[in-house]
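Those letters in the sequence shown? Residues 1 to 905, by full-length UniProt numbering.
Quick caveat, the hints were computed from the structure, so don't treat them as lab data.
Think of the CB as a built atom: it goes at the ideal place given N, C-alpha and C, for glycine as much as any other residue.
Do not take every clue at face value.
What follows is a list of derived Cβ distance ranges for each label pair [unchecked claim]:
{"#": "1", "residue 1": "Arg464", "residue 2": "Phe632", "range": "49 to 59 Å"}
{"#": "2", "residue 1": "Gln596", "residue 2": "Ser852", "range": "45 to 55 Å"}
{"#": "3", "residue 1": "Leu176", "residue 2": "Ala496", "range": "14 to 24 Å"}
{"#": "4", "residue 1": "Pro161", "residue 2": "Thr434", "range": "40 to 50 Å"}
{"#": "5", "residue 1": "Arg763", "residue 2": "Val375", "range": "27 to 37 Å"}
{"#": "6", "residue 1": "Pro766", "residue 2": "Ala496", "range": "50 to 60 Å"}
{"#": "7", "residue 1": "Ser255", "residue 2": "Arg763", "range": "18 to 28 Å"}
{"#": "8", "residue 1": "Thr720", "residue 2": "Glu639", "range": "45 to 55 Å"}
{"#": "9", "residue 1": "Thr434", "residue 2": "Ser871", "range": "32 to 42 Å"}
{"#": "10", "residue 1": "Gly461", "residue 2": "Val375", "range": "15 to 25 Å"}
{"#": "11", "residue 1": "Phe632", "residue 2": "Gln854", "range": "50 to 60 Å"}
{"#": "12", "residue 1": "Glu376", "residue 2": "Pro765", "range": "52 to 62 Å"}
{"#": "13", "residue 1": "Ser796", "residue 2": "Pro765", "range": "16 to 26 Å"}
{"#": "14", "residue 1": "Gln854", "residue 2": "Pro765", "range": "16 to 26 Å"}
Below, simulated DSS-like cross-link-like pairs (lysine-lysine); rule was C-alpha separation at most 25 Å, straight line [claimed, not checked]:
{"#": "15", "residue 1": "Lys371", "residue 2": "Lys465"}
{"#": "16", "residue 1": "Lys668", "residue 2": "Lys741"}
{"#": "17", "residue 1": "Lys741", "residue 2": "Lys813"}
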Amino acid sequence: MAICLYYFFTDSTSPSLSLSLYYDYYYYFQTTTRTHNHIDIYVSTIWWTISTSVFNMWLPAYCTHSLSLSEMSVICCFNKLRSIDVEIQSINICIRNFFLYKYSFKCTITTHTLSTKKEKKKEAMSSSNICNFIKHFSLLVTLLLLATVVESSRAPFACDPRNGVTRSLRFCSTSLPIHVRARDLIGRLTLQEKIRLLVNNAISVPRLGIQGYEWWSEALHGVSNVGPGTKFGGAFPGATSFPQVITTAASFNQSLWEEIGRVVSDEARAMYNGGVAGLTYWSPNVNIFRDPRWGRGQETPGEDPVIAGKYAASYVRGLQGNGAGNRLKVAACCKHYTAYDLDNWNGNDRYHFNARVSRQDLEDTYDVPFKSCVVEGKVASVMCSYNQVNGKPTCADPAILKNTIRGQWKLNGYIVSDCDSVGVLYDNQHYTKTPEEAAAETIKAGLDLDCGPFLAIHTEGAIRKGLLSEEDVNLALANTITVQMRLGMFDSEPSAQPFGNLGPRDVCAPAHQQLALEAARQGIVLLKNSGRALPLSTRLHRTVAVIGPNSDVTVTMIGNYAGVACGYTSPLQGIARYAKTVHQVGCRDVTCGGNQLFGAAETAARQADSTVLVMGLDQSIEAEFRDRDGLFLPGHQQELVSRVARASRGPIVLVLMCGGPVDVSFAKNDPRIGAILWVGYPGQAGGTAIADVLFGTTNPGGKLPMTWYPQDYLSKVPMTNMGLRADPTRGYPGRTYRFYKGPVVFPFGHGLSYTTFAHTLARAPPKLLTVPFTATATSLNALENSTISGNGIRVSHTNCNTPSLFGLHIDVKNTGDTDGTHTLLVFSTPPGKWSATKQLIGFHKVHITAGSQQTVRVDIHVCRHLSVVDSFGIRRIPMGEHTIHIGDDFKHSISLQAGLEEIKS
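Whenever a hint applies, use it, and build me the whole structure from the sequences.
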């Protein structure tokens, strides 16, 4: 384990300075159970570095925090804490608030129960000693910072034509192919230099004019400062913060997803040009939202692999651009490969979890978004996950890295570990006997870059022991350096390159903020609207009681993996633009530990013409390494809703701000609660979007990208069970709308509108299609047993280009009196033994004015959309009658028959 202290000073006029202390690498807890405020920490070697502008230092990846501006802060961070044989229930240690100008210092350490099994002694430092150490050392830091002069706010770039050392080097020649340039650069590096380029905080090589580079930046739904590669301040105080991904996914709008990616990459490039960001962004998260308790489900596009795959490809295309000649605007990264959707539940954490997954579920669900990301999105990177899959750490498994991602899917880019995953597989999972073996196995499996220090420390030893060759290291570097060259990082002056003109005016631009508002509007889902309680009327509802712990929040709206927003409009502020408001929080926070404030909330509801309750969750309830125990609203929230509903004299609207689903059956069934909205985490403009929907300026058109289960569902599905398909013999109900057929609070794809729509089939496709397959004469008998096994043709033995595509032409009519946007969902159900599976195969979003009609074409590819996966992980096309479901009210049947197209001798 490591403890990281770092100081960061920024103000609006001066460039950033930073000082880092890196306690490398181990501290240990005494072999006893220790409780609050009793913790002994043993530390060894201290390295510290002063750097200017962008972080370029040894910094453990799991010790990264964003620090406030105009302030020197000291943070002692135990985030993502884990070690050999150490069980950690909860640790939150932060030492902060040393203001440079005031010299005031406050040190707070909060710990919860720790239990350990091993003891190693080194020099002990108590928690009070840590505070005293930092307090005194900070004075030295202050003097050092004040004595340091920074000449430029931007780090020098590689291949500077003014640098006589590098002017004639081949890797700087833009006229040469990139692979030639990359090979030339690698050939000039020493082994030690190569090894220090295998980690996220890659070193500089001054003799070659190469600057250090921090690979870790994040852009999940806007440029983020979660990773150390991006800093806000000065000319870049913030960036556009779009809705959290689960909210944006509810729009079912591929063009919106791509446009958001384009805007985010504009702002990322602008910040790179300003010297405060990198060009490699480890986003998006495209894991399947398999279990409703998962704290990181909010980061994903939901539970359906088709939506997740289309989101991945769309967002990646927006981020990376359509550069000619294989060029990249920024480099995206699809994570976390694969079957990662458990962080910390019931004594099981991601660092130790072995996900036992069938070949069927891997091929049919878990791998689908990643394949789409690589094959269709052409992503520049894939991140392997912490967990094991079927007994092998994903970052050390050549079958999924080298053979699948790079071999079958043809990744044109690099593979990176989740932060300190290589250390995890050695320290926590004990997968190898020595750290050198861990380094060798991961690199040979196909890992190119380590987020963390492990490969920098142990790779040379692996080579000395003959476990790894220098050529293996060269292959890894070829993949990372090639991506940097595709980004133009070795093409001389950045301002002369494409996107070199982007700057501060392109960050938080009005058009970008308007897109964030539009994304929030499109992602809001109307779950209930009894008696047309919504929209509210500015004439009838002149006074609105706005109640709830999320009623006036700002930062909560941007969820996790966010940056610093351009600005906020809270729900209260948004509603105040339409009506006079009476505000009561009801609960001090979302945990809602008591009902002391309920009386004031009830009084407010009695005085108002209508009441809006903004309830739900936040990052204290659901987050990375924080899975939920249940699905009910936390604490006394339900009681608050019910009491206010009884007291209110006008319409009651429940607004749910949360990432994961909640069981609000009580509100769904309460006739006093007229409407329910789910807004996810709606981003910086969330309050405006919520108010626009409440008052009818925006007609909601979002659909749920995940199933909302009842609370009692959880007793049948431990998070550790990765199976998707139901198993009645064990009482296992299955997961997601595709395999779970039990009761739900709200189903996948549910979402109402202020108007109504009807579907009719405008042009029917053929009723019968022949699916050809090819064979040699000698393999015909084998094909009868394998290719058409179970009355399904192997896709690999099918000519997928012959019946490649057919289109459904569907007339969609707005039969109401309000203009609206409609999401058309198309599902298929295969025949015979496969018929239990209902799969989304296409979706289309269309805006239709009241009383008018539009024709929508949905393309269906036989091999891609009408195929299924058998228990051996083999994709097949079932023969027989397939049912196409168009929305909830229309069906069409298509029959498939097999035909031997050709027999070759």
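Check: Failing hints, ascending?
Finding: 8, 10, 11, 12, 15 and 17
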